[in-house]
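Student: From first to last, the protein sequence lines are chains R and P. In terms of our numbering, the first sequence opens at residue 1 and continues consecutively. In terms of our numbering, the second sequence opens at residue 1 and continues consecutively.
Incorrect hints may have been included.
Here are the computed distance ranges between Cβ atoms for each label pair [what the hints assert, rightly or not]:
hint : chain 1 : residue 1 : chain 2 : residue 2 : range
1    : P       : 213       : R       : 21        : 19 to 29 Å
2    : R       : 119       : P       : 227       : 26 to 36 Å
3    : P       : 24        : R       : 49        : 55 to 65 Å
4    : P       : 261       : R       : 71        : 25 to 35 Å
5    : R       : 56        : P       : 162       : 45 to 55 Å
6    : R       : 179       : P       : 319       : 19 to 29 Å
7    : R       : 75        : P       : 284       : 41 to 51 Å
8    : R       : 49        : P       : 285       : 37 to 47 Å
9    : R       : 42        : P       : 158       : 22 to 32 Å
10   : P       : 35        : R       : 190       : 27 to 37 Å
From chain R, some residues computed to sit far from chain P (all C-beta separations above 10 Å) [unchecked claim]:
hint : residue
11   : 15
12   : 16
13   : 60
14   : 79
15   : 91
16   : 109
17   : 115
18   : 237
19   : 238
20   : 242
21   : 245
Quick look at which bits of chain P chain R covers, simulated, 3 or more residues with Cβ under 8 Å [unchecked claim]:
hint : region
22   : 69 to 82
23   : 99 to 107
24   : 112 to 118
25   : 139 to 148
26   : 153 to 167
27   : 271 to 278
Treat the hints as calculated values from the structure; they're not laboratory data. Where is the CB? At the ideal position from N, CA and C, for every residue including glycine.
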Amino acid sequence: MTAVATVPGTTRLGPAAKHRSRAIRNGLATAFITLSFVVVLVPLALVIGYVVSRGHQVFGVAFLTKEIPTPRDPGPGMGPAVLGTLLVTGAATLMAVPLGVLGGVYLSEYGKRGFVARVLRFFAEVMTGVPSIVMGLFVYTAVVLRTHNPNAFAGSLALACLMLPIVIRTTDEMLRLVPSDLREGSVALGSRQARTIVRIVLPAAAPGIVSGALLAVARAAGETAPLLFVIGSAYRTNRSLFNGSNTTLSVQIFNNARSPFLASQQRAWAAALTLIGIVFIFTVLARLVTALYSRRSTAQ
Amino acid sequence: MVADSPPVAHLSDGHRPPGRFADLAFRWVALLAGLSVLVVLALIAFSTTHEAWPAFSKEGIHFFTSKRWDVPGQHFGALAFIAGTLLVSAIALFFAVPVSIGIALFITEVVPRRLRRSIVYVVDLLAAVPSVVYGLWGATVLAPKSTGFYDNVARTFRSVPILHTLLSGQPVSGVSYMTAGVIVALMITPIITSITREVFATVPTSQKEAATALGATRWEMIRGSVFPHSRGGIVGAVLIGLGRAMGETIAVALVVGSATSLTGRLFSPGDTMAAVIANQFGEATDTYRAALVGLGVVLFAITIVIGVIARAFVARADARSAGA
Chain R
1 MTAVATVPGT TRLGPAAKHR SRAIRNGLAT AFITLSFVVV LVPLALVIGY
51 VVSRGHQVFG VAFLTKEIPT PRDPGPGMGP AVLGTLLVTG AATLMAVPLG
101 VLGGVYLSEY GKRGFVARVL RFFAEVMTGV PSIVMGLFVY TAVVLRTHNP
151 NAFAGSLALA CLMLPIVIRT TDEMLRLVPS DLREGSVALG SRQARTIVRI
201 VLPAAAPGIV SGALLAVARA AGETAPLLFV IGSAYRTNRS LFNGSNTTLS
251 VQIFNNARSP FLASQQRAWA AALTLIGIVF IFTVLARLVT ALYSRRSTAQ
Chain P
1 MVADSPPVAH LSDGHRPPGR FADLAFRWVA LLAGLSVLVV LALIAFSTTH
51 EAWPAFSKEG IHFFTSKRWD VPGQHFGALA FIAGTLLVSA IALFFAVPVS
101 IGIALFITEV VPRRLRRSIV YVVDLLAAVP SVVYGLWGAT VLAPKSTGFY
151 DNVARTFRSV PILHTLLSGQ PVSGVSYMTA GVIVALMITP IITSITREVF
201 ATVPTSQKEA ATALGATRWE MIRGSVFPHS RGGIVGAVLI GLGRAMGETI
251 AVALVVGSAT SLTGRLFSPG DTMAAVIANQ FGEATDTYRA ALVGLGVVLF
301 AITIVIGVIA RAFVARADAR SAGA
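Whole structure, please, built from the sequences with the hints as guidance.
Tutor: Spelled out as C-alpha cells, the structure:
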C-alpha cells in the first residue's frame, strides 16, 4: 500500500476538471455506501425503541409468571407462553443438536470431500432456505393429522427441522478448523477413529459448535410460522410436552397484534420485549463462548 | 486422510485396540445423522404433496392460472397469491439489494479494520429480531403512519404514466404490498449483506492494490477490481435473499392486508402464498385445507429451485477464488 502515497501527484497531472469529476463521483459513492448503513440503523433503532418503550410498562416478574388475562382485561400475565416457548425450544434443541452434531461429524471426519458428503452439504445449505411455514405444514400433515393431537412436541419437531441444517453446517465448519495434527497424534497412540473424534476432535471444536447451536436456538425461539397450527391454541399453563395444546410468546404476539383491545396489544409489546430478551441472551452467550475460546487459544 | 491408514494397519497386525465394532457403529450412526437431511427433505415433499393432492387434481392447471380463490364456491386458483408473493419479493429486493451491497462495501472497503466487527454485529442484530416482532411493529406503528405518505406519493406521480398505476391504490390503514415489501427488505438485508461481504472478502488484495497504485479512486477501484470479481457471488446472494423473501410469512401476514386481488398497484392491500397459509389455515378443512397445503408445496418447490441455483452461483464464486 506504499504506492498510495504517490497517487495524488500522478493524478494531478491529468486535466483538473476531469480530476474533480472523478473525485466527486468517488465522494458520492462513499456517501451512498455510508448512508446505506445508516439507512438500516434507523428502522432497527425504531423497532427496538418501540418494543422497549411500549413493552416495559407491563413487563415484570408478574408478567413472566401469571396466567394470561382475558383480552379486555389490562395487567400483566404471559406465564403460559413463556413456559411454552422454553418447552418447545428446549425439546427442539434436544432433538436437533445431537443429530446435527453427528451429521456434521460425518461430513467433516468421514465423508470429507467425497460425493456423499458434497451432496449432503449442498442439501443442508438448501434446507436452510426452506421457509419455516413449510416445516409447520410438514409436521401438520405428517404428524398432527394422524395423531389429532396438536401439542408442544409437534411444535418442537417443526423447530428441530429448522435447526438441523444450521447445526450440521456449523459443526462441519468448526470440525474442519481442528488441526489434523491432533487427529494424527491420537491415532498414532492407538485410538480408533471414533474414540479420536469423541475424545480429541469434538472437545477441540466444542466452543465453536456450542456457539453455533446457541445461535440456532436463538433463531428457533423467535419462530412463529412453524408453530401456528401444530401446537394448537391455548391460554392456560400446560406443562406437558405431549398432552394437549400449548402456546408460545411468538404465537401470542401474532394473535394479539391484531387484537382490537388495547390491553392485549400492550401484552403483545411486552411479550415482544421478552422474546427479544431471550433471543438477545442466547446471541450474547454465543458471542461470549466464542470470545472466551479465542482468548484461550491465543494464550496457548 | 493420512491420519488413519498407516498406524492403524500396523497395530492391527498384533494387538488390536478394543472397540472395532463400536468404531464401525459410530461411523454408521454419523452417516445416518447426515442422511437425515435428505430424509426430512424427501418426507416434506412427499407428505405435503400427498395432502395437497385433492386440490391439485381438482383444479389442475387452474391452481396456477386462475385468480379465483372462492372458498364457499370451492374454487382454488392461487394466481393472485403467486403474483403477490413475487410483487412483495420484488419490492423487498429493490430496497434490500443496493443497501446490502452498500453495507458490504462499507464493511470491507470503507470502515477501519477495528470497527468492522461491531458493524457486523449491528447488522446481524437485524436478523436476530424475530419476524413476528417486525410484524407487530409494522402493523401497529409503520402501517398507520404510512397511509398519508402513500397518498402524497400517489398525488406527486399522478401525471406520470406507468408510475401512476404502480404508485397508487387504496391502502386500508396503511397495510399494503409496499409496507410488506419494506418490512421484508429489512429482514433479508442481513443475509444478503453477509454473503456479499464474504464474496467481497475473496477479492485478491493484489488486484485492489494494483488499481489503487494506478491512481484509481476508491469507487473506481470498487468498480474495476471488486465488482468484476464478485458478480457471480452477488447474483447468488440476491437469489438467496429472494428465496427468503418469498418464504417470509408472519411479518407479511400482519402487514400485507389480506385481500385477494391481482394488481400491480403497490399501495393496495394484497396477499402472498405464505401469508394466506398463516392467516387461513386455522379455519380450513378438506379441499380448502388441501389447497392451502398446495400453496406450501408450490412455495417449497420454488424455494428449493432458487436455493439450488443460488448455491451453484456462490459455490462457483468460491471455487474461482480458491483457484486464483
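Student: All hints, please: hold or fail.
Tutor: Cross-check of the supplied hints:
1. Between residue 213 (chain P) and residue 21 (chain R) the beta carbon distance is about 21 Å. The supplied range of 19 to 29 Å therefore holds.
2. Residue 119 (chain R) and residue 227 (chain P) have their C-beta atoms about 32 Å apart, which keeps the hinted 26 to 36 Å range intact.
3. At roughly 57 Å, the beta-carbon separation of residue 24 (chain P) and residue 49 (chain R) lies within the given 55 to 65 Å, and the hint holds.
4. Separation of residue 261 (chain P) from residue 71 (chain R) is about 30 Å and conforms to the stated range, judged on CB atoms against 25 to 35 Å.
5. One distance hint, 45 to 55 Å for the beta-carbon pair residue 56 (chain R) and residue 162 (chain P), holds here, with the actual separation near 46 Å.
6. For residue 179 (chain R) paired with residue 319 (chain P), a C-beta distance near 24 Å keeps the hint of 19 to 29 Å intact.
7. Distance hint check for residue 75 (chain R) and residue 284 (chain P): the Cβ-Cβ separation is about 34 Å, which falls outside the suggested range of 41 to 51 Å.
8. Between residue 49 (chain R) and residue 285 (chain P) the CB atoms are about 43 Å apart, so this pair conforms to the stated range of 37 to 47 Å.
9. A beta carbon spacing of about 29 Å between residue 42 (chain R) and residue 158 (chain P) agrees with the range 22 to 32 Å that was offered as a hint.
10. The hinted range of 27 to 37 Å is satisfied by residue 35 (chain P) and residue 190 (chain R), whose Cβ atoms lie roughly 30 Å apart.
11. Interface exclusion of residue 15 (chain R) from chain P stands, the closest Cβ pair being 14 Å apart, more than 10 Å.
12. Every C-beta of chain P lies more than 10 Å from that of residue 16 (chain R), the closest at about 15 Å, which supports listing it as non-interface.
13. Listed as a non-interface residue, residue 60 (chain R) keeps its Cβ farther than 10 Å from every Cβ of chain P; the least gap is roughly 19 Å.
14. Non-interface call for residue 79 (chain R) relative to chain P: holds, since the shortest CB-CB distance, roughly 19 Å, exceeds 10 Å.
15. No Cβ of chain P comes within 10 Å of the Cβ of residue 91 (chain R); the nearest lies about 17 Å off, and the non-interface call holds.
16. Not every beta carbon of chain P lies more than 10 Å from that of residue 109 (chain R), the smallest distance being close to 7 Å; the non-interface claim is violated.
17. For residue 115 (chain R), the condition that its CB be more than 10 Å from all CB atoms of chain P holds, with the nearest at approximately 13 Å.
18. Even its closest Cβ contact with chain P, about 21 Å, leaves residue 237 (chain R) beyond 10 Å, as expected for a residue assigned away from the interface.
19. Every beta carbon of chain P lies more than 10 Å from that of residue 238 (chain R), the smallest distance being close to 19 Å; the non-interface claim holds.
20. Every CB of chain P lies more than 10 Å from the CB of residue 242 (chain R), the least distance being 21 Å, so the non-interface label holds.
21. Interface exclusion of residue 245 (chain R) from chain P stands, the closest Cβ pair being 12 Å apart, more than 10 Å.
22. Only residues whose beta carbon comes within less than 8 Å of a beta carbon in chain R count, and the region 69 to 82 of chain P has 0; fewer than three means the coverage is violated.
23. A stretch counts as covered by a chain when three or more of its residues have a beta carbon under 8 Å from one of that chain; for the region 99 to 107 of chain P and chain R the count is 7, and the coverage holds.
24. Look at the region 112 to 118 of chain P against chain R: 0 of its residues bring a Cβ nearer than 8 Å to a Cβ of that chain, fewer than three, so the hint is violated.
25. For the region 139 to 148 of chain P, the proposed coverage by chain R is satisfied: 3 residues have a C-beta within less than 8 Å of a C-beta in that chain, meeting the threshold of three.
26. Closer than 8 Å: that is the beta-carbon criterion, and the region 153 to 167 of chain P has 0 residues meeting it against chain R, so the requirement of 3 is violated.
27. Judged by the Cβ-Cβ criterion of 8 Å, the region 271 to 278 of chain P is covered by chain R as claimed, because 3 of its residues qualify and three suffice.
Going through the hint list in order, the structure does not satisfy hints 7, 16, 22, 24 and 26.
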